[in-house]
Amino acid sequence: GNYDLVMMQTSMVQILKDSVESTVDLNLDLFTEIMTCSTDLIEKEFKNINFMEMMSDPTLMMTLPHIMQCKVNDKIYEKYNVEEEDLSQNMKKKKWHEKQEVKDLMDRLAQKMMSILPMDPAMMMGGMGGMPGGDMSGGFGGQLPFGPK
Numbered sequence: 028g029n030y031d032l033v034m035m036q037t038s039m040v041q042i043l044k045d046s047v048e049s050t051v052d053l054n055l056d057l058f059t060e061i062m063t064c065s066t067d068l069i070e071k072e073f074k075n076i077n078f079m080e081m082m083s084d085p086t087l088m089m090t091l092p093h094i095m096q097c098k099v100n101d102k103i104y105e106k107y108n109v110e111e112e113d114l115s116q117n118m119k120k121k122k123w124h125e126k127q128e129v130k131d132l133m134d135r136l137a138q139k140m141m142s143i144l145p146m147d148p149a150m151m152m153g154g155m156g157g158m159p160g161g162d163m164s165g166g167f168g169g170q171l172p173f174g175p176k
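Going left to right, the sequence shown walks through residues 28 to 176 as my numbering numbers them.
A hint or two may mislead.
Claimed, not checked - In silico DSBU-like links for lysine-lysine, alpha-carbon gap of 35 Å or less:
1. 98 x 130
2. 102 x 126
3. 98 x 126
4. 139 x 120
Unchecked claim - Simulated DEER-style distance windows between Cβ atoms:
5. 121 x 101: 22 to 28 Å
6. 54 x 78: 31 to 37 Å
7. 134 x 74: 17 to 23 Å
8. 97 x 35: 14 to 20 Å
9. 35 x 80: 24 to 30 Å
The set of hints was computed from the structure by calculation and includes no laboratory data.
From the three backbone atoms N, C-alpha and C, an ideal C-beta is built for every residue, glycine too.
Make the full structure from the sequences, and use the hints.
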């Protein structure tokens, strides 16, 4: 059904993202600043949207986390000139996902997404592409904008 199609598309997008080679070298301070900014952007950009009105369309609800992620990623690129792939690959290569500070940022980001979207967290975890390299990957739920794989 629609869910399977969305999941297949999400998986293909993630495979493509993971195949992009990053030449950007970030330091941990800038990475955490960008992650914090991402969380703030989610609240700022989406807090006044009534997602409950969209609940009748399951396909839309499954794609919302991805749409939100794309908008946040665009804003991050405008401000920092850093792509989602750069964040994910730096986190993966430098093993930042093992640092408690980064885990806490990822949890905060996931909680912010779940507080805004009126859906089952399990659906959200599988309904999005992940952040490059994300274990929180799958979308902001399955794919947090930045999660280790």
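Hint numbers not upheld by this structure, sorted from lowest to highest: Checked against the structure, no hint fails, so every one of them is satisfied.
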